[in-house]
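Participant: Work out the full structure, taking the sequences as your base and the hints as a guide.
In order, the protein sequences belong to chains B and G.
The first sequence begins at 12 in my numbering and counts up by one.
The second sequence begins at 205 in my numbering and counts up by one.
Don't read these hints as lab results, they were simulated from the structure.
Since the model is a prediction, treat every value here as computed from it, not as a measurement.
Here are some, though not all, of the chain G residues that point toward chain B, as calculated from beta-carbon distances under 10 Å: (1) 234; (2) 365; (3) 374; (4) 381; (5) 445.
Subject to a maximum C-alpha distance of 25 Å in a straight line, what follows is the list of computed BS3-like cross-link-like pairs (lysine-lysine): (6) G:448 x G:362; (7) G:364 x B:173; (8) G:448 x G:364; (9) B:390 x B:371; (10) B:371 x B:429; (11) B:206 x G:364; (12) G:362 x B:173; (13) B:403 x B:371; (14) B:243 x B:206.
Virtual Cβ for every residue (Gly too), placed ideally from N, Cα, C.
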Amino acid sequence: MNLRMVGCTHRATGVDVRQQLAFGENQVGDALDRWRERFPQAELVLLSTCNRVELYAGGPSESACPASDDLVDALLGYHRVPAERVAGQVMTLAQREAVAHLYRVAASLDSMVVGEPQILAQVKQAYQRAAELGSAGPVMHELFQSALRAARRVHHETELHKHRVSIPSVAIADFASRVFERFDDKHVLVLGAGKMADETLRYLRDAGARRIFVVNRSEERARQLAASCGGKAVPWSDLWRQLVAADLVVSTTAADQPVVTAAAFDEHVAPHRQQRPLFILDLAVPRDFEPAIGERLSVYLYSLDDLAAACELNRQSRVRELPAAERIVLAETDAFIADAHRRAAAPVITGLRRNLEEPKLAELERLFKKLPDLDERAKSEITQFADRLVNKLLHPPLESLRDASLEGPPQGLLDALKRLFRLED
Amino acid sequence: MDSGVNMLCFTASFAVALALEIAGLWTRPRWRRLAVVFAAVAGIVAHTWYLGVRAGTSPWAPLSSPHDWYLAAAWALAVIYVPVVLYQPRTATGIFLLPVMLALIGVAYGASRDPIPTFAAPRFWGMVHGVFLMLGTVAVLLGFVAGVMYLIQSYRLKSKAPLSQTLRLPSLEWLERVNTRSLGAAAVLVAVGFFTGILTRLATVEGEVPWTDPVVLSLSGMLSWLVGAEAFRLAYPAARRGRKVAYLTLAGFVFLVFTLATFARHDTVHGGSEGRGARSEEKSEAARLLPFAPRSSLLASRPPSAEAAP
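Facilitator: Here's what the structure looks like:
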């Protein structure tokens, strides 16, 4: 089995180059078709995300797998990017390194935000796409299935994915869910219509939030955001009434002064809430809610700084899990490579067995003709004796092959066996 | 006991469940939650067996002695604990609930096993009195546990402490719901238990209630508090939410502790604890006056003069 990977990732390549080399949804199929014409014997999978563009190639023999330079040429050629433009920024890996890299990518150890869960789905999708287009065969199947298995092991056997690191996910999963048991009956109020509000609403929708109200100075923006999340836009003048009714507030206005002061909260909101819990995510810079509001009874106010501190702690927790995750990747890589080496020895083993089986059958036939008086029981005993003898003769060389496969491709041993037993044909 | 099941069996099971819950603060292997449920269920089976055997062999069990009464309350808490573990699998609820259960079992161990020598009364009403007060106690204890967890969770959220993967607590909304329902249920259950005791007492030969008795007095205080707290909660909307309900249930627990302390005294109308080695003549005298014993066994053991006994 021969494997190669060429591509660029966020680690070594700037975003401008990555953007130039990125493949849109419609381009992936076209690119794979073109490359299959150029490398008809190779199996190919293309993984293109915001942070990486990687082309995996493989084949059962060395001649079937294109050289790294050819793969780089194909990758750059599709976008007509000159080689000088990406000098030193394109990564080329082969065999064991390519396998380990894919495992680390799938397990999200190579991601910009280590442990983020989307990459596994993207890897799976890239393989499925290639399989549907016919550019991935048994070699890529083995490689990607084992990569998904390694990623699942990292997911289940470490706590890498348990610590959330994005602000909206920490806000909802780590804090809001400690206040509320469910979100489908909660009144969610969004102040402003910034990008962060959009992202937070996605998490809230996933958590079950349905009663979403958007208040923004620009009613048009409020309507747009409300439409995108199945909510309702309400006029800015309704702000105090909405704050009285709200259970959870997400605030992301661009105001340069606090939108809700402590005095205004005490006057317009607190007396009407009867100390009902209010969870406020103030994601605006500068803040929309005066910090003193967080000291009011049953009010839980979180600013960007509070959430960023929690994210940083989670990030450190993930870093602590990295060694365990890397150990899993290493073990899985070793297992895959050993399997690949064993598979490389399979034709020799088959030939070896055939070389002994054929004379065995011929000799048994000759013997039974010479001794026609043998009954069925005696014939069966003799046949079993011959089988045991062949197996015992085969055992030492097969064991040696297995042991040698653990350390690397047992090419020397295979060649010796081929010559000794005349297996060339 | 003859069956081979003794208090050590279920105490050990619940202690193992608690040890596993505490171990979860450091490490949380996959099998831990299953082991906790297994230990708790094993404890409940042994506990049920123990109470069943006592009910079968002792005419005054399962609620007529302080020992049985405390054990029945602990059993009710254990039965509540298992569904809570299954419903809130990632939370450390057991760290708060199991010590309360074990404390009840510990108190039961030291409590008198003699029947409560109260007053001659029909067995049914005696049982109603005992069962409702026991369930009221369970409700107050549940409210207390939920209240403590609420205050801890609220404090952690106010201080913006990051999510702990080990000491996870249920959401404030869930804890508040448990708190509110416990308070309401405790008020109703204790009221029914208290008034059935009063009415039963009035229906006896003596026909009067010993209002100055420490148990009656402290129970009246607890009932007044629970009813008052529930009325306050219903009338004042702010008291229906958040920390106020938690404080109300915590205060209810203080009243409960005071009541149980008086219940343990032996100079009250409910008799009480004299340790495990009560004299046999006292036992038979208690059995003679027993309100909860089966009528047949009571009649069988009652001498002719018992008709006029107080």
